[in-house]
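These protein sequence lines map, in sequence, to chains A, B and C.
Position 3 of the first sequence, counting from 1, maps to 7 under the working numbering, and the rest follow consecutively.
Position 55 of the second sequence, counting from 1, maps to 59 under the working numbering, and the rest follow consecutively.
Position 111 of the third sequence, counting from 1, maps to 115 under the working numbering, and the rest follow consecutively.
Derived by calculation from the structure, the hints in this document are not laboratory data.
One or more of the hints may lead you astray.
It does not matter which identical chain is meant; a pair holds if it fits inside one copy or across any two.
[Claimed, not checked] Subject to a maximum C-alpha distance of 20 Å in a straight line, what follows is the list of computed SDA-like cross-link-like pairs (lysine to any residue):
| # | residue 1 | residue 2 |
| --- | --- | --- |
| 1 | K52 | A33 |
| 2 | K17 | V84 |
| 3 | K141 | V84 |
| 4 | K8 | R66 |
| 5 | K52 | E104 |
| 6 | K11 | D127 |
| 7 | K11 | N35 |
| 8 | K60 | I138 |
| 9 | K8 | L83 |
Quantities reported herein were computed from a predicted structural model and do not represent experimental measurements.
This is what each chain is made of:
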Amino acid sequence: MKYKTTKQGHVIKLERGENVIETLTAFCAENNISVGVFQGIGAVERVKIGYYDLGKKEYFFRDEAGVFEVASMQGNVALVDGKPFIHAHAVLSRCDATCECIGAHIKEAFVAVTLEIYLTPLDVSISRKLDGDIGLKLLDL
Amino acid sequence: MKYKTTKQGHVIKLERGENVIETLTAFCAENNISVGVFQGIGAVERVKIGYYDLGKKEYFFRDEAGVFEVASMQGNVALVDGKPFIHAHAVLSRCDATCECIGAHIKEAFVAVTLEIYLTPLDVSISRKLDGDIGLKLLDL
Amino acid sequence: MKYKTTKQGHVIKLERGENVIETLTAFCAENNISVGVFQGIGAVERVKIGYYDLGKKEYFFRDEAGVFEVASMQGNVALVDGKPFIHAHAVLSRCDATCECIGAHIKEAFVAVTLEIYLTPLDVSISRKLDGDIGLKLLDL
């Protein structure tokens, strides 16, 4: 993982084999970023991707071993238990002739080729708090 | 709908049942935001999603009743008839084991779980104006 | 192509028939933007879209003649051989009743209806450099 910091935000390159969520979380912790937003493009593999089942109040995840292009990644950073927590969604496209997409919440993913992230820190304090009706830790604004 | 304002932009949480486009439009009107850009992730339901048929010069929309993850949402704000107008595109993924995506222009959507938006106001005046060749109100730059 | 410049970034409208990557590249060159990030929505046609095959160390591209909505576009600008180079990924949805998506790296695309881009220049110098292991010019941070 390498990065350059600009006046507006951080340009981050995640490298082959790195755990996307863990590496971004560590970056935020080390740089005192408690709140922010990001976007990213690249390619990942060994992905746990899924959705929240509102009826069952639990996530469903599927495992994808192979390489996908990250056609889109969007996410944010907010505090959970006082530590930066990454919430990331992505659209992944199959690396075959179809270029078909799957998408949703990214629980885990490892960089396959490269992942180019642009992260904007925000000068505000925002935590996530359990919403009993929804069953998730939502932004507490 | 709840929000926090930072130096750079607004972090907005739309809540279960809220009309996405109407709520964002009202937020912009109340906060004197006439131009801006946004991104968002979350989950929505009762969606009207579709595309512009350039040959027929009309939109085609399909209705989706069920819940979809918002794998990606991008949009902008500009003035139409002197009022803020939201132009939003999204990639929605099915909340089933396929995680398959549909995408395009969002005419209407209601928040299913949560929708986390980051909106950057821009300090410029931009209106939309009917382009006769295209048949749509495009950005008048 | 038309644009308005704000304190934060550039709002750009690409017009029907324009080559997306070439036009953005020329815009960056003319405005001395060597590094930046962007997002965009609209519709394109005559697209070369594809993925990087890490095993073969080469891109595979497919050609799509017809019109697709740009459900999502994200990208960045960095220097290659001292000149601004555009790296863009997109999720494109079929302009038919399915609204199905394909996505990945965009080598070429022409504007079909309009393409509304928001580009943030970044005050830092970043070049791309060939990574021998990966076989691509990655961000040199």
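At 20 Å max between alpha carbons, let me know whether K11 reaches D127 within a copy, between copies, both or neither. both (13 Å within a copy, 7 Å between copies)
How would you classify K8 and R66 at a CA-CA limit of 20 Å: within, between, both, or neither? neither (34 Å within a copy, 34 Å between copies)
How do K52 and E104 come out at 20 Å by Cα distance, when the copy is not named: within, between, both, or neither? both (17 Å within a copy, 14 Å between copies)
Within, between, both or neither, where K141 and V84 count as close if Cα-Cα is 20 Å or less: within (8 Å within a copy, 37 Å between copies)
Under a CA distance limit of 20 Å, which applies to K17 and V84: within one copy, between copies, both, or neither? between (25 Å within a copy, 16 Å between copies)
Have a look at K11 and N35 and pick one of within, between, both or neither, based on CA distance no larger than 20 Å. Close inside one copy (14 Å) and across copies (19 Å); limit 20 Å.
Should K52 paired with A33 be assigned to within, between, both, or neither, using CA atoms and 20 Å as the limit? neither (23 Å within a copy, 39 Å between copies)
Intra- versus inter-copy proximity for L83 and K8 (alpha-carbon distance at most 20 Å): Close across copies (14 Å), not inside one copy (23 Å); limit 20 Å.
State whether the alpha carbon distance between K60 and I138 is at most 20 Å within one copy, between copies, both, or neither. within (10 Å within a copy, 42 Å between copies)
Checked against the numbered hints above, the structure breaks hints 1, 4 and satisfies the rest.
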